[in-house]
Amino acid sequence: MNKNMKLFAGILVFGSLWGFSECIIGSVLKDTGLPYGSIITGVFVLTFLVLSRIMYRQPGMQLGMGVVAGTLRIFNPFGGCHLCSALAIMAEGAIFEIIWYSFSFDFDNMKNITNQVSMGVITAYLVYVGGYIVTQILTPIVSGVGFYVENLIVFLPRILASGLLPGLIGAFVLPGVLQISRLDLKIKDTLYYPATFGVSAFCWIAVLSLWFMWGA
Amino acid sequence: MGKEKLIPVFAIAVLLIGCFSALYVNAIEVDSKTIEINNTEYTINQIFSLANMRTIITDEGEKTGVALDDLIIKTGSVCSSCNAYTFKSKDGYQQTVTWDYLEKGVLTQENRIYFSDSAHSFWVKDIVEIEVG
Numbered sequence: 001m002n003k004n005m006k007l008f009a010g011i012l013v014f015g016s017l018w019g020f021s022e023c024i025i026g027s028v029l030k031d032t033g034l035p036y037g038s039i040i041t042g043v044f045v046l047t048f049l050v051l052s053r054i055m056y057r058q059p060g061m062q063l064g065m066g067v068v069a070g071t072l073r074i075f076n077p078f079g080g081c082h083l084c085s086a087l088a089i090m091a092e093g094a095i096f097e098i099i100w101y102s103f104s105f106d107f108d109n110m111k112n113i114t115n116q117v118s119m120g121v122i123t124a125y126l127v128y129v130g131g132y133i134v135t136q137i138l139t140p141i142v143s144g145v146g147f148y149v150e151n152l153i154v155f156l157p158r159i160l161a162s163g164l165l166p167g168l169i170g171a172f173v174l175p176g177v178l179q180i181s182r183l184d185l186k187i188k189d190t191l192y193y194p195a196t197f198g199v200s201a202f203c204w205i206a207v208l209s210l211w212f213m214w215g216a
Numbered sequence: 217m218g219k220e221k222l223i224p225v226f227a228i229a230v231l232l233i234g235c236f237s238a239l240y241v242n243a244i245e246v247d248s249k250t251i252e253i254n255n256t257e258y259t260i261n262q263i264f265s266l267a268n269m270r271t272i273i274t275d276e277g278e279k280t281g282v283a284l285d286d287l288i289i290k291t292g293s294v295c296s297s298c299n300a301y302t303f304k305s306k307d308g309y310q311q312t313v314t315w316d317y318l319e320k321g322v323l324t325q326e327n328r329i330y331f332s333d334s335a336h337s338f339w340v341k342d343i344v345e346i347e348v349g
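Protein chains in written order, with our numbering: chain E, 1 to 216; chain C, 217 to 349.
The set of hints was computed from the structure by calculation and includes no laboratory data. These numbers come from a predicted model, not from an experiment. Each hint should be verified, as a subset may be incorrect.
[What the hints assert, rightly or not] Derived, one-sided and incomplete: chain E residues facing chain C with beta-carbon distance under 7 Å:
hint : residue
1    : Ile-113
2    : Thr-114
3    : Tyr-193
4    : Pro-194
[As the list claims (entries may be wrong)] Label-pair restraints from in silico Cβ distances:
hint : chain 1 : residue 1 : chain 2 : residue 2 : range
5    : C       : Glu-278   : E       : Ser-102   : 23 to 29 Å
6    : C       : Phe-236   : E       : Pro-194   : 38 to 44 Å
7    : C       : Thr-256   : E       : Ile-113   : 56 to 62 Å
8    : C       : Asp-307   : E       : Leu-191   : 46 to 52 Å
9    : C       : Phe-236   : E       : Lys-188   : 48 to 54 Å
10   : E       : Leu-183   : C       : Glu-220   : 21 to 27 Å
Idealized CB from N, CA, C, for every residue including glycine.
With the rest of the complex left out, here is chain C (with noise of 0.2 Å):
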């Protein structure tokens, strides 16, 4: 087969990996009104009652939230063989950090995380899990 008749076929090949993955995705999404720590459920207010409060600077300005690194002592999750934090939003996205970035991070009221000096695309927002490995 000629490749100007392939390109038909690469096409529709592509929509239906698009098409396939959108319903994958829709089916998956989880809609979570707590946050999984440690294997155990909170509530954003739980959560806030827990752990310190913190502000800190970003490029977007200041956020205040509940300070990560307090937030993981505070809910037992600390293990001295632990340094990496994934924080799992509700439609899968996922990013991973240490603890020094724990240090300079905090979990909004929005149910979203920043740091002070990252990219933006750690700051994961509608966490429905913290995973501590």
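Just chain E, with the same shape it has in the complex (with noise of 0.2 Å):
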């Protein structure tokens, strides 16, 4: 198979299941009243991201997968701020690539469970905190407002002591997602394309006939 054409639909897949759980169980989780921001950042997003980075082993498809989910983030159909979520989902992309920059081909360094647990911590902390700040800054800027740099400095406490949460869980699923990627499931080349493409195609159909029907 093409390595090029293989990684392009990995991009596609896993990007896409991410913005669909940012557009759909986000917001599933938001009129629960649970803290859905963290859940997402903690459990889906580490999962997709880790799980994405040991399968391909290649440096920059997360980034991609940031600027897919963030695209389908735009089209979610039950509101919120659109705006700085999408730009916050293409930064923790781009923040994942810097944390795992030195992890891209060797994994040795995670082989204890104190060393998967801490990196589950460091990952899912710095991917929430540093999305936050990006789109803090990004969004008034983008808005056309201007960004005022004092807003950011008082409101930074808050957006460090935000982290707790999703840090705390990807303490427990780093190690898990590490589990699942030992199990060495393929799929079959012929299989490849048709699964890929079908499951970006559903989270698409699913995100963008829910923004037809109720947000656009």
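Mind docking these for me? Both chains are given alone in their own frames, and the hints should help you get the complex.
Shown next, in the form of structure tokens:
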């Protein structure tokens, strides 16, 4: 199989699953009053980012996933801040790339459970907090209002505190993802493209159809 | 020290930053039933009796409340050299907008501001202060 095409399909399917979880599952969690942002980042985003990194071992892929997920998030049929969320998601992909830069091909550092838990905490915390900070800077700029640094500084302690829950969730999720990845599940080459494009199409059609019905 | 040994240290540092930030945020949170505008405290009822009402259309439907530009005028907070109006929430969140935004913004009875065509991050809730600068 063409390696680039396979990677593109991987970016599309994992990015679409990420965007779907942000739009649909996130909105359901929000309605139940749960801390949806922390749960989505700590469970879903971390799973998709780490699993795709281990499966494809291709730096840059998670940045592409963030772009796909962020684009899908713009069409969230259940409202919310479309622009800020899309920017935060794209930033999360970029921040993951920076954190995991040195783990691109070598996962030996995460053989023991202490390091797996620690990387779960670090990754989930920094991805969540980093995305939050980036959107606080970029949203006013993209909106044309202008960025006021003092607005960010006074709110920084709350942003840093908000990363605690996703960090703690990540401590449990990352070791679990690593266990799943060790199962060495393989999909037949003949089924790879139908499966990846099928799942991606489902995510986009589900979100866009709800958006046309309720959001547009 | 190898990278392998630094990972848990970074994780503990990250958790400590989160914990201390949470404690700090809890300590400084303001629980005010009034809104300070131009160094004067107003209750939400006083504000609603003071300024004109306005209804705007947002992507979450109609929002009705006190017209923000009229509120600034009626509270005597207008200054010709000012064009930055900062809305501060009780949890420390704050956003700054220009006069153009005030002309299409409202403060609702639920103490939340809305603008007709802005990102939702500008919809500050639980306002405790409006600063003119």
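Does Tyr-193 of chain E pass the interface hint, meaning its C-beta sits closer than 7 Å to a C-beta of chain C? violated, 37 Å
With a cut-off of 7 Å on the beta carbons, see whether Pro-194 of chain E makes it to chain C. Interface hint status for Pro-194 of chain E: violated (37 Å vs cutoff 7 Å).
Closer than 7 Å between Cβ atoms is the bar; does Thr-114 of chain E clear it against chain C? Give me holds or violated. Status holds, d = 5 Å.
Check the following: the C-beta atoms of Phe-236 of chain C and Pro-194 of chain E are separated by a distance inside 38 to 44 Å. The hint (38 to 44 Å, Cβ to Cβ) is violated, given that Phe-236 of chain C and Pro-194 of chain E are roughly 50 Å apart.
Determine whether the Cβ-Cβ distance between Glu-278 of chain C and Ser-102 of chain E falls within the hinted range of 23 to 29 Å. violated, 52 Å
Hint Ile-113 of chain E vs chain C: min CB-CB distance below 7 Å? Since chain C brings no Cβ nearer than about 11 Å to Ile-113 of chain E, farther than 7 Å, the hint is violated.
Distance restraint evaluation - Thr-256 of chain C, Ile-113 of chain E, Cβ atoms, bounds 56 to 62 Å: holds, 58 Å
Take the C-beta atom of Asp-307 of chain C and the C-beta atom of Leu-191 of chain E, compute their distance, and say whether it sits inside 46 to 52 Å. holds, 49 Å
Is it true that Phe-236 of chain C and Lys-188 of chain E lie within 48 to 54 Å of each other by Cβ? 51 Å Cβ-Cβ, so the 48 to 54 Å window holds.
Given the range 21 to 27 Å, decide if the beta-carbon distance of Leu-183 of chain E to Glu-220 of chain C lies inside it. holds, 25 Å
The structure does not agree with the numbered hints 1, 3, 4, 5, 6 stated previously, though it agrees with the rest.
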